[in-house]
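**Student:** Construct the entire structure; sequences and hints are all you get.
Spelled out, the chains give:
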Amino acid sequence: MTDERKTIGSGGTPGRGNRETSPSAAARSLAGGSAAPRKAVAKKKVTEPVPVKKVTPRKAPAAKKPAAKKPAGAKPAASQPPPAAEKPRLRAVTDEDAAAAAAAAAEEAARRTRTAGAAPLSAGIPLDEIVVAVVQAAQRVLGTDWESRIATLLATVRKRLSGDYEIDEFGFDPQIAEVLSAAVEPIAEKWFRLEVRGIENIPEDGGALLVANHSGTVPLDGLITGYAVKKYAGRHLRPLGADLVFSLPIVGQVARKVGATLACQEDAERLLTSGELAGVWPEGFKGIGKPFAERYKLQRFGRGGFVSSAMRAGVPIVPVSIVGAEEIYPLVGNVPSLARLLGLPYLPITPFFPLLGPLGMVPLPSKWIIEFGEPVRTDAYEPEAADDPMLLFNVTDQVRETIQQTLYKLLVDRGNAFF
Amino acid sequence: MSRVVLVTGVAGSFASKFARRLADLGEGSGIERVIGIDTILPDADLGKVKFVRADIRTPVIGKVIAVDEVDTVVHLDVNPPQRGRIGGAKELNVIGTMQLLAACQRSSTVRKLVLGSSTAVYGSSPRDPAMFNESLLARNGVRTGFPKDIVEVESYVRGFSRRRPEVIITTIRAAQVLHPDVDTPMRNYFSNPVLPTVLGFDPRLQFLGLEDALAILSESVVNDRPGTFNAAGNGVVLLSQAARRMGRPTIPLPPVGFAMAARRFIRAMGSDIPPDLHRLLTFGRAVDTSALRDIFGYDLTQSSQETFEEFRASLRPGLLASIGGRP
Numbered sequence: 001m002t003d004e005r006k007t008i009g010s011g012g013t014p015g016r017g018n019r020e021t022s023p024s025a026a027a028r029s030l031a032g033g034s035a036a037p038r039k040a041v042a043k044k045k046v047t048e049p050v051p052v053k054k055v056t057p058r059k060a061p062a063a064k065k066p067a068a069k070k071p072a073g074a075k076p077a078a079s080q081p082p083p084a085a086e087k088p089r090l091r092a093v094t095d096e097d098a099a100a101a102a103a104a105a106a107e108e109a110a111r112r113t114r115t116a117g118a119a120p121l122s123a124g125i126p127l128d129e130i131v132v133a134v135v136q137a138a139q140r141v142l143g144t145d146w147e148s149r150i151a152t153l154l155a156t157v158r159k160r161l162s163g164d165y166e167i168d169e170f171g172f173d174p175q176i177a178e179v180l181s182a183a184v185e186p187i188a189e190k191w192f193r194l195e196v197r198g199i200e201n202i203p204e205d206g207g208a209l210l211v212a213n214h215s216g217t218v219p220l221d222g223l224i225t226g227y228a229v230k231k232y233a234g235r236h237l238r239p240l241g242a243d244l245v246f247s248l249p250i251v252g253q254v255a256r257k258v259g260a261t262l263a264c265q266e267d268a269e270r271l272l273t274s275g276e277l278a279g280v281w282p283e284g285f286k287g288i289g290k291p292f293a294e295r296y297k298l299q300r301f302g303r304g305g306f307v308s309s310a311m312r313a314g315v316p317i318v319p320v321s322i323v324g325a326e327e328i329y330p331l332v333g334n335v336p337s338l339a340r341l342l343g344l345p346y347l348p349i350t351p352f353f354p355l356l357g358p359l360g361m362v363p364l365p366s367k368w369i370i371e372f373g374e375p376v377r378t379d380a381y382e383p384e385a386a387d388d389p390m391l392l393f394n395v396t397d398q399v400r401e402t403i404q405q406t407l408y409k410l411l412v413d414r415g416n417a418f419f
Numbered sequence: 001m002s003r004v005v006l007v008t009g010v011a012g013s014f015a016s017k018f019a020r021r022l023a024d025l026g027e028g029s030g031i032e033r034v035i036g037i038d039t040i041l042p043d044a045d046l047g048k049v050k051f052v053r054a055d056i057r058t059p060v061i062g063k064v065i066a067v068d069e070v071d072t073v074v075h076l077d078v079n080p081p082q083r084g085r086i087g088g089a090k091e092l093n094v095i096g097t098m099q100l101l102a103a104c105q106r107s108s109t110v111r112k113l114v115l116g117s118s119t120a121v122y123g124s125s126p127r128d129p130a131m132f133n134e135s136l137l138a139r140n141g142v143r144t145g146f147p148k149d150i151v152e153v154e155s156y157v158r159g160f161s162r163r164r165p166e167v168i169i170t171t172i173r174a175a176q177v178l179h180p181d182v183d184t185p186m187r188n189y190f191s192n193p194v195l196p197t198v199l200g201f202d203p204r205l206q207f208l209g210l211e212d213a214l215a216i217l218s219e220s221v222v223n224d225r226p227g228t229f230n231a232a233g234n235g236v237v238l239l240s241q242a243a244r245r246m247g248r249p250t251i252p253l254p255p256v257g258f259a260m261a262a263r264r265f266i267r268a269m270g271s272d273i274p275p276d277l278h279r280l281l282t283f284g285r286a287v288d289t290s291a292l293r294d295i296f297g298y299d300l301t302q303s304s305q306e307t308f309e310e311f312r313a314s315l316r317p318g319l320l321a322s323i324g325g326r327p
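Respectively, the protein sequence lines represent chains A and B. Note that our numbering has the first sequence beginning at 1, numbered continuously upward. Note that our numbering has the second sequence beginning at 1, numbered continuously upward.
Simulated from the structure, these hints should not be mistaken for lab results. Just so you know, not all the hints are guaranteed correct.
Computed footprint of chain B on chain A, listed as stretches where at least three residues anywhere in the stretch have a Cβ under 8 Å from a Cβ of chain B [what the hints assert, rightly or not]:
#: 1; region: 148–157
#: 2; region: 161–169
#: 3; region: 250–259
Short, incomplete list of chain A residues facing chain B, as computed with Cβ under 7 Å [to be verified]:
#: 4; residue: S247
#: 5; residue: E374
#: 6; residue: Y408
Predicted model only: the values in this text are computed from it and were never measured. Backbone N, C-alpha and C define an ideal beta-carbon position, used for all residues, glycine too.
**Tutor:** Now the structure itself:
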């Protein structure tokens, strides 16, 4: 840390100061008398193990300064216990310390603003305050061991840059999935106020097929379900998506990296037999692109291909009911001709979308409930049952009815969609 | 036991290596002679291989087979268009295969045909499953260029197998070999200092190690392994990951018009890629090699990552090597 600080700026240039023993010419002239800054420097040398980077180019009283500086100076002490033991004045930085320092800094700043008329306004860059603020921000975001955390982060970034990471055959990159999960967390928890029920119905290990209702114009429900499974069950959900997803630039690339793959028999069976948690939304575009008036009415569940995949792999089917996604983009209109021109299944018009431009793309803050239902076991069936269409239709209907009934129940539980 | 082996397209960098490998195996493996055939003289030293300069697009090939009493034909003259080869690639691939198969059908000595096919037969599209196995057909991306050729070549070989059911036919659908000495489109692509990529797409790629490729083909000549088998290193490498490992900058170009733009770009850097490579660079492709392991009985020694690492180590470090690439 000390070395890095030395390299910044122009140590040794005449008149510029070297931040350790002599202040810059500008700092000297600002400080008025030559005595005050030198004293401060001398004092710091005694009290602090690592010299603080800059003599403050300010008329701040010497008594206040060490208080404001302490976190910056004490920070190395926190990571190196021996020097701290020698100098009992320095304590490890705790949150209280940080808070106290923040309060002192704020007080000082406020006082300075009040006396702005007396002190010159062009007081230079308040470097010490910036450092204090950065340190506090780091502590607040990353905790007290922020230095080691930043080191880990930098190492990870370096590994990413050198291509030193593993992906599986589907293109799934766990690190990217981790980042996405962290990015979705505030949206799910604060914006959608997500409530998750029946998480114990997701098996702790082994394959399972999650079957969910699809809605919301934009498939955010897949994203949020994936987040919920990761956060509350600690497993990666591997969504099965339509081919449109993989033909779109950027979307398809990100989808593969966070674990999605094409919704086809081969991929579903490959995932399920290798013990992964696959997720399907069998309504497809019929479900996601249905008008707002038909909300929470399940569409046809495809051709029931998901049931035969689960039967062949002998894994349970977990019905998932998602309430809340219908209200995020209420689809009130559609432009089929333009959609056909663009090769899309529908082109949505919501109360806000083309009207407010990009602002209309912000999803409405509906309340979400995701309920994972009781698993439907398929291992009791014979392997050749996967080719029995009547049985497939029956199981498909059973799953569909379960989801539909759960949706009604959850809607009653939720009450108002937004408040 | 195989006695006289005919290898087509030996002027190619991979086929010449393979012909030499077979000749070096020699009598110990029951190989009496190896005959190499091509229209142009090979650059490489062929060693004990007997080279015949002939065009497989003409009936001369039948005479070569008859004169030398060839009993095993290894057809490796199915290649993507390359710079410096005279004549259209389609002529060579499709018409050459037709003539060769016609000659084999006439011959009474031929009892084994090994086809060096390519995973390009599966095409490349957003509707592809994550992994192709041998029973799946291409969803899209085999309408033009080399993928179309290879699909046709394979269909001719299937037709031949119906007409001559007693001939043992092995089809090896190999991913591209990545080795500094073997001229493949991906090698040429990765040799550029700057890699043009498709904006918003990050394809999954697979590579086959040179040693594995030679061993699999030798195995199918020496022993009888009828059937169709995928051959590619396990695992996948993303194009972005590959570029980072090499420390080479990528230039994302828009998907519309990528084929032409990328080709111009690469030609300006003094290299060339076949025009149909853009689909692979957009959607990628991965194949399942469990049949090679379980039925064919060959354990791959190198994964795609390892093959790529070996290849990367043979190149000069890229422009961005100092900030990201590996030493």
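**Student:** Going back to the hint list, which numbers does this structure go against?
**Tutor:** 1, 5, 6
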